[in-house]
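Student: Respectively, the protein sequence lines represent chains R and V. When we follow full-length UniProt numbering, the leftmost residue of the first sequence carries the number 1, and every step to the right adds one. When we follow full-length UniProt numbering, the leftmost residue of the second sequence carries the number 1, and every step to the right adds one.
Possibly wrong hints are sitting among the right ones.
The list treats identical chains as interchangeable, and a pair is accepted whether it falls inside one copy or across any two copies.
Straight-line distance between alpha carbons at most 16 Å, and here's what the computed EDC-like set of lysine to aspartate or glutamate pairs gives [stated by the list, open to error]:
1) Lys-44 to Asp-296
2) Lys-115 to Asp-172
3) Lys-201 to Glu-147
4) Lys-41 to Asp-298
5) Lys-197 to Asp-277
6) Lys-10 to Glu-76
7) Lys-25 to Asp-231
8) Lys-44 to Asp-298
9) Lys-82 to Asp-29
10) Lys-391 to Asp-264
11) Lys-115 to Glu-48
Hints were generated in silico from the structure; no laboratory data involved.
Protein chains: 2
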Amino acid sequence: MAALLEQYRKRIQTELDRVVDFWMKYSHDEQYGGFFTCIGKDGKIYDELKYVWLQGRQVWMYCRLYRTVERFHRPEVLEAAKSGGAFLQRFARVQSSDGPGKCAFCLTRDGRAVKVQRTIFSECFYVMAMDELARVTGNEAMQADAESMMDQLVHWVRVDSSGLGRPQMPGDPPVNSMAVPMMLLCLVDQLTEGREKQAQKYRELGDWCVKQILQHVQRNDKAILENVSMDGKEIPGCQGRLQNPGHALEAGWFLLKYAKAQDDTKLQTLAVEMFMDVPFHTGWDKQHGGLFYFLDADGHCPTQLEWNMKLWWPHCEALISYLMAYSYLKEPALLDRFKQVYDYTFSHFPDEEHGEWFGYLSRQGEVVLDFKGGPFKGFFHVPRCLYMCEKMLDHLLEKIES
Amino acid sequence: MAALLEQYRKRIQTELDRVVDFWMKYSHDEQYGGFFTCIGKDGKIYDELKYVWLQGRQVWMYCRLYRTVERFHRPEVLEAAKSGGAFLQRFARVQSSDGPGKCAFCLTRDGRAVKVQRTIFSECFYVMAMDELARVTGNEAMQADAESMMDQLVHWVRVDSSGLGRPQMPGDPPVNSMAVPMMLLCLVDQLTEGREKQAQKYRELGDWCVKQILQHVQRNDKAILENVSMDGKEIPGCQGRLQNPGHALEAGWFLLKYAKAQDDTKLQTLAVEMFMDVPFHTGWDKQHGGLFYFLDADGHCPTQLEWNMKLWWPHCEALISYLMAYSYLKEPALLDRFKQVYDYTFSHFPDEEHGEWFGYLSRQGEVVLDFKGGPFKGFFHVPRCLYMCEKMLDHLLEKIES
């Protein structure tokens, strides 16, 4: 057992080092600050656009590594994070009439806005970046900036969404989309870590997020649906039947972590049984291995052209989920599940030649898009997974040894 | 030669009959009018949403078949078209403050707006539908409705796009996207057929569209790029390098038809050499056959997840292109090209069991999405291709016989 875990840890450590090296080497824009996000398999920049989700995530990840992993507590990691943070603070916001304002989705190399999404996610990754950067720099104004953006987000989600700019259509009533409470729960975790005052401030919000996420358990506990009505009912059509197994698995470890912190054993059981078992049974491809990207709960063909592709991030989230569940519950079946996902992931995604991981495979497991960074793939899911798994394995091995 | 063409014609006629049968049988909504557009492989409705592009296209196609093909000059075809037209006139528009207003992209079964795109295409298909329906019904108010929407479109494209609701971003200057002049040229063809007054009214617009389309010939005549700057230069990044071979081939036959009508031999040569030869050389998959969906002119991996899939509509457009070019120029190489596309298309897309065509294949040619109708696939590309090819083969065979 210890030997197996040690073997995992060794491989995961090595991968994390290679991934960090890749982004440190190729993604930094020394001229304008911030990070290039469109990076080919060999490190070449194929587009100078800077996607804001990915800027924020990279700042967060650098800071988290700097703050919590000794071998990454290096000045060049901190400097890179600060450069990204400065770029974000200077350019990400597109309007600042009242309140912290919307952030762009995409910027030119020199920071001009290219596109603004009518959703909350650019702003969410802005909060993550600024809060974590404030933690490593001790910059209180930056922490206040993060919190003020967080308050704006909560206002958009729970009070009035009109500031997002999406007109309400008569045939499209508001929907509880699982990404929204998941993202807010993740931010609650970020903002409250080790801070009593914030823990109290966001306590009610955390509980609300959990309730909103649990509404996605549908069909007599047999399916996690991505979109449900605001009162937690299944909605008709493709939108209502959509399943995204990797997303459900990600929600699983968010919930499990929250349950553990609140010492809520009922929620812990729900997290594992609903958000880890169900998406595996529905989402694992029994023929070719790997997790499907999208599925329809009635077995219709999804309308997303990429539905049967194997993407890197659902596999990253699955690894975190099963290892976290095993760490807490010590059920061997959970480690077996981790092993199954690990074997698929490590034999398909890492690029032995140039480092980092491919992101997009065909159903059969061949690389279909070979870039390392793109509009939605940056320095985030892979290193977060490797970092968290390494930490959990450290902890498991420590316990075994003692 | 005649035997080969006769064999093509027979197969194409049979396919057209089957495709018309499929949509007549499964897509009509007897309760609310209009057409279901999300239809599974066996005809089952898997979502009741009604996509407006597809409503307009289906009205157009029914009317065109009714008006110009004897065996489809049947009351039930006309009735279906009228039902779709009435549904569109009643529900498609979402605002009518001044001018004909924006059309929705998607409606509920009973006509409530679900989504509005900030582009011109819903309105374009509205024009196509109304004009063709006016031709078969003799309804002059309907023709005026089509023309008034057309004037609005031209205003949005050439004078002031602010009515589309897309804010201009400092990092995203206006772009000449090939779809826009292509679509307008198609509408010029629609509105002017057999009408001297309209032919004069839209003559300058037609020439403008041609000029805008020709700006997409780039890199010393070696590439057709989907997006160029407003003054016809290549733009940086993925957006500027994007190629869509099927779209270029569709532009090819639009241009060729216009060139023929204007007796413009220089444009005729450009249409064939630039918009039919170039996309075939860049877009045909030499390993597995079929046309790629997207390519990058520098050979980078496109960021569209579906880039290497084989879609039905590029193959439909290619068939029209090569057969039209052969009809006009009689060069055997063009018929060989038609044959190559025909063989791939007819051995991969038609569903022998339930009729109609699959729309989405993997690079290797397997069906990946098995529905017959979806958000972007309706009663349009397949029947328009079969209808136009049948007409052209009729004409070719007539000439051989006489």
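Student: Run through the hints listed earlier and report the numbers of any the structure violates, in increasing order.
Tutor: Numbers 5, 6, 7, 10, in rising order.
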